[in-house]
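Student: Going line by line, the protein sequences match chains A and B. For the first sequence, the working numbering assigns the number 300 to the last residue and increments by one with no breaks. For the second sequence, the working numbering assigns the number 1315 to the last residue and increments by one with no breaks.
These are calculated hints, taken from the structure and not from any lab test. Here the structure is a predicted model, which means the values were calculated and not measured. Mixed in with the good hints, there may be bad ones.
Okay, the calculated beta carbon distance ranges per label pair [to be verified]:
| # | chain 1 | residue 1 | chain 2 | residue 2 | range |
| --- | --- | --- | --- | --- | --- |
| 1 | B | Val1084 | A | Met136 | 29 to 35 Å |
| 2 | B | Leu1030 | A | His155 | 50 to 56 Å |
| 3 | A | Ala208 | B | Arg1026 | 20 to 26 Å |
Idealized CB from N, CA, C, for every residue including glycine.
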Amino acid sequence: MTATMMLEPRVTTSASDPRLRRMRRRRAVTATLRHLGLIALAALMIYPLVWLLVSSFKPNEDIFKDLSILTTHLTTENYTHAWNAQQYPFGHYLMNSMIISGASIVGNLISCSLAAYSFARLRFRGRNLMFAAMLMSIMLPFHVVLVPQFLIFKHLDWLNTFLPLIVPKFLATDAFFVFLMVQFIRALPKEIFEAARIDGAGHPRMYAFITLPLMVPALATTAIFTFIWTWSDFFGPLIYLRKPSGFTAAIALKGFLDSQESSNYGSMFAMSIVSLVPLFVVFMVGQRYLVKGFATTGIK
Amino acid sequence: MSSLGELRVLAQDRKNARAGGAKGTRRENLAGYLFLSPWIVGMLVFTIGPMLASLYLSFTKYNLLKPPQWLGLGNYTALLQDPVLRHSLRVTFTYVFVGVPLQLAVALGLALLLDRGLRGMAFYRSVFYLPSLLGGSVAVAILWRQVFGKNGIVNGALALVGVHDAPGWIGHPDYALGTLIILHVWTFGSPLIIFLAGLRQIPEMYYEAAEMDGAGKLRRFRAITIPLLTPIIFFNLVLQIIFAFQSFTQAYIVSGGTGGPSDSTMFYTLYLYRKAFVDLQMGYASAMAWVLLLIIGAFTALMFWFSKFWVFYDD
Chain A
1 MTATMMLEPR
11 VTTSASDPRL
21 RRMRRRRAVT
31 ATLRHLGLIA
41 LAALMIYPLV
51 WLLVSSFKPN
61 EDIFKDLSIL
71 TTHLTTENYT
81 HAWNAQQYPF
91 GHYLMNSMII
101 SGASIVGNLI
111 SCSLAAYSFA
121 RLRFRGRNLM
131 FAAMLMSIML
141 PFHVVLVPQF
151 LIFKHLDWLN
161 TFLPLIVPKF
171 LATDAFFVFL
181 MVQFIRALPK
191 EIFEAARIDG
201 AGHPRMYAFI
211 TLPLMVPALA
221 TTAIFTFIWT
231 WSDFFGPLIY
241 LRKPSGFTAA
251 IALKGFLDSQ
261 ESSNYGSMFA
271 MSIVSLVPLF
281 VVFMVGQRYL
291 VKGFATTGIK
Chain B
1001 MSSLGELRVL
1011 AQDRKNARAG
1021 GAKGTRRENL
1031 AGYLFLSPWI
1041 VGMLVFTIGP
1051 MLASLYLSFT
1061 KYNLLKPPQW
1071 LGLGNYTALL
1081 QDPVLRHSLR
1091 VTFTYVFVGV
1101 PLQLAVALGL
1111 ALLLDRGLRG
1121 MAFYRSVFYL
1131 PSLLGGSVAV
1141 AILWRQVFGK
1151 NGIVNGALAL
1161 VGVHDAPGWI
1171 GHPDYALGTL
1181 IILHVWTFGS
1191 PLIIFLAGLR
1201 QIPEMYYEAA
1211 EMDGAGKLRR
1221 FRAITIPLLT
1231 PIIFFNLVLQ
1241 IIFAFQSFTQ
1251 AYIVSGGTGG
1261 PSDSTMFYTL
1271 YLYRKAFVDL
1281 QMGYASAMAW
1291 VLLLIIGAFT
1301 ALMFWFSKFW
1311 VFYDD
């Protein structure tokens, strides 16, 4: 599979024929049926999300009394209440998530592109062995490194800081992105690098001034996926961030389930929506790159 | 090519590959290692080192307070007799081997339906993809608790068709796992996009040639589409299974971190988490992690072996 798989739809042409009109009509009917089915399925899939959105604007006692999404009684009370329902205002947790996500993006962009350049453009002893190790680490369940990693961070006194979640990103531990970038760099025309070499450019220059500018789409895909995964990450913050001041939005949301607030669905829904908004925005802005990244490497 | 495909080629072409790796000049060797140095450090410090350490810990008793105490195979024999562990395996296998094929079947079916330049393609793709993007979040898990709760939307819909005594699905030991499987199926958007991309890769001329030879629609589908799609189905299957074994967040949130009701959502990873970070049995948890790696490795190997019989490689 290559990076350019989302091509234009295929066009099938057929010669004009007396049967053509009948065929066309039949096609129109099946197409309409198909659309109806697809729209129904799409509505079914999206309904829970719409319901969540609408319910977050309903008074708490109405949410389960009337399950429909058609309602006239809307209020922003849930939002104002929930924002300050925990020890810190919810904005604090959002900010923590932002800091971790932002730093992770920077880390992944730098470290993964360096490693990818090396794997894709340079020949050195042990490359294939290391490349195979990198590919396998994509599939390695992280649980086999979980306990020792925790011990390392504990000994470094990094518990309850963001460092355990950020530092590994600067060491290209998200092998998935290394692979994505390797694929991309391999597809770049070799002539560009040849020309640069003849002009006397060394590898640092070819990396910084040729490869990086050309691989902006791969970098964008990496940034977007890193954001989505880091923002939704639950396991990492759960074990490394145990003090409320360090909670991410995901952990703070869990807090609504634990506390006496747990019957206050309105609050929980309101902050759920707040925590989903950044993901949704990134989805809208970065759809093109997301689809491409998916199609290229096919890992969720 | 997928990561699995790359590995396949590397494995097939081992001799060649070894020679290819050794050919570098000294300058290139140096540059190669320099560019790779963050990755090498990360690999040693955060992957290989910890793997060896957790292998060692898996043979010890370790609670963070006292130094590890050698147990030999003690943890592993204890694993065999742990009823909760056995149960968690059953839960996880059910989740993986029902959820993943179901999700892929839905994705594949829809991909075939969406192919061939359907109008509004971009719209459908976005709508179907959105749940996979949000599906891993705590917010969606919270939503799921309510959707399948006693007074949730599902029961609301059932009430409309006259079923009034439906249980709270999330809180019922027989159904809680089912709701998580549905959540997994709900995120079929990511394999869908991979299937769509795969369909686009099939050269149009194959279909044209087959049509000229008089092959009907069904025949073309069976003889061209399906065989050429098998590598993608295979690679989706392998990766989705590997990842599904590691599912955690949804089970944690839906059960409030307990794996309940009556351990019905006690995913293997949830039990592992509880052993390590609630009970502080780090040695036992490490043994569990290695067993998980072995299970995943065994299934991956098995799938690769079976792939000979049904996966068609065009090269």
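Student: All hints, please: hold or fail.
Tutor: Okay, the hints, checked on the actual structure:
1. Val1084(B) and Met136(A) have their C-beta atoms about 30 Å apart, which keeps the hinted 29 to 35 Å range intact.
2. Taking 50 to 56 Å as the suggested C-beta distance range, the pair Leu1030(B) and His155(A) does not conform, at roughly 33 Å.
3. The hinted window of 20 to 26 Å between Ala208(A) and Arg1026(B) holds, with their beta carbons roughly 22 Å apart.
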